[in-house]
Amino acid sequence: MQRPGRASALSRIEALRKFRAVPQRNVSITGEVDALLRDAKKVAKAVKAVDESWRVALPSEIASRVRPEKLSRGVLTLIASDAAVKYKVEMWLREGGLQSVQALTKTVKRVVVKL
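If you read the sequence shown in my numbering, its first letter stands for residue 134, the second for the next number, and so on.
It is worth saying that the hints were derived from the structure and are not from the lab. Do not take every clue at face value.
[Stated by the list, open to error] For lysine-lysine, the following DSSO-like pairs were computed, each having C-alpha atoms within a straight-line distance of at most 27 Å: (1) 181 <-> 203; (2) 178 <-> 247; (3) 178 <-> 203; (4) 247 <-> 203; (5) 175 <-> 239.
[To be verified] Computed spacing ranges between beta-carbons, pair by pair: (6) 248 <-> 156: 57 to 63 Å; (7) 223 <-> 165: 55 to 61 Å; (8) 198 <-> 169: 24 to 30 Å; (9) 217 <-> 163: 50 to 56 Å.
Quantities reported herein were computed from a predicted structural model and do not represent experimental measurements. C-beta atoms are modelled at their ideal positions from N, C-alpha and C, and glycine is treated no differently.
Starting from the given sequences, assemble the full structure and let the hints guide the process.
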């Protein structure tokens with residue numbers, strides 16, 4: 134038979150063990166994968182918005198000969214099919230095209246046209 138004080142001492146020790154026990158670490162990569170997926174969706178949404186606004190703002194005679202290449206840190210890089218189209222796009226941007234793109238999406242700060 135156990136003494137009455139001994140049972141309560143054992144229960145207090147067990148309570149302390151539960152309180153002081155270090156929980157096992159979560160070593161799964163689920164959290165990281167979820168964060169990467171959220172970031173990828175965010176970027177895809179921003180790129181889609183920029184692409185749509187670019188197509189809406191750009192004059193139709195130029196739109197078929199220019200394609201967006203990348204968007205990085207607010208700089209939209211476009212690829213023109215030839216030098217004449219590059220010149221037309223640059224002139225359009227200077228004449229207010231950049232402001233019209235920026236009015237549609239706040240992501241684009243500057244536009245660079247390459248061949």
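Structure-based check of each hint:
| no. | hint | result |
| --- | --- | --- |
| 1 | 181 <-> 203 | holds, 12 Å |
| 2 | 178 <-> 247 | holds, 24 Å |
| 3 | 178 <-> 203 | holds, 14 Å |
| 4 | 247 <-> 203 | holds, 11 Å |
| 5 | 175 <-> 239 | holds, 15 Å |
| 6 | 248 <-> 156: 57 to 63 Å | holds, 59 Å |
| 7 | 223 <-> 165: 55 to 61 Å | violated, 42 Å |
| 8 | 198 <-> 169: 24 to 30 Å | violated, 35 Å |
| 9 | 217 <-> 163: 50 to 56 Å | holds, 52 Å |
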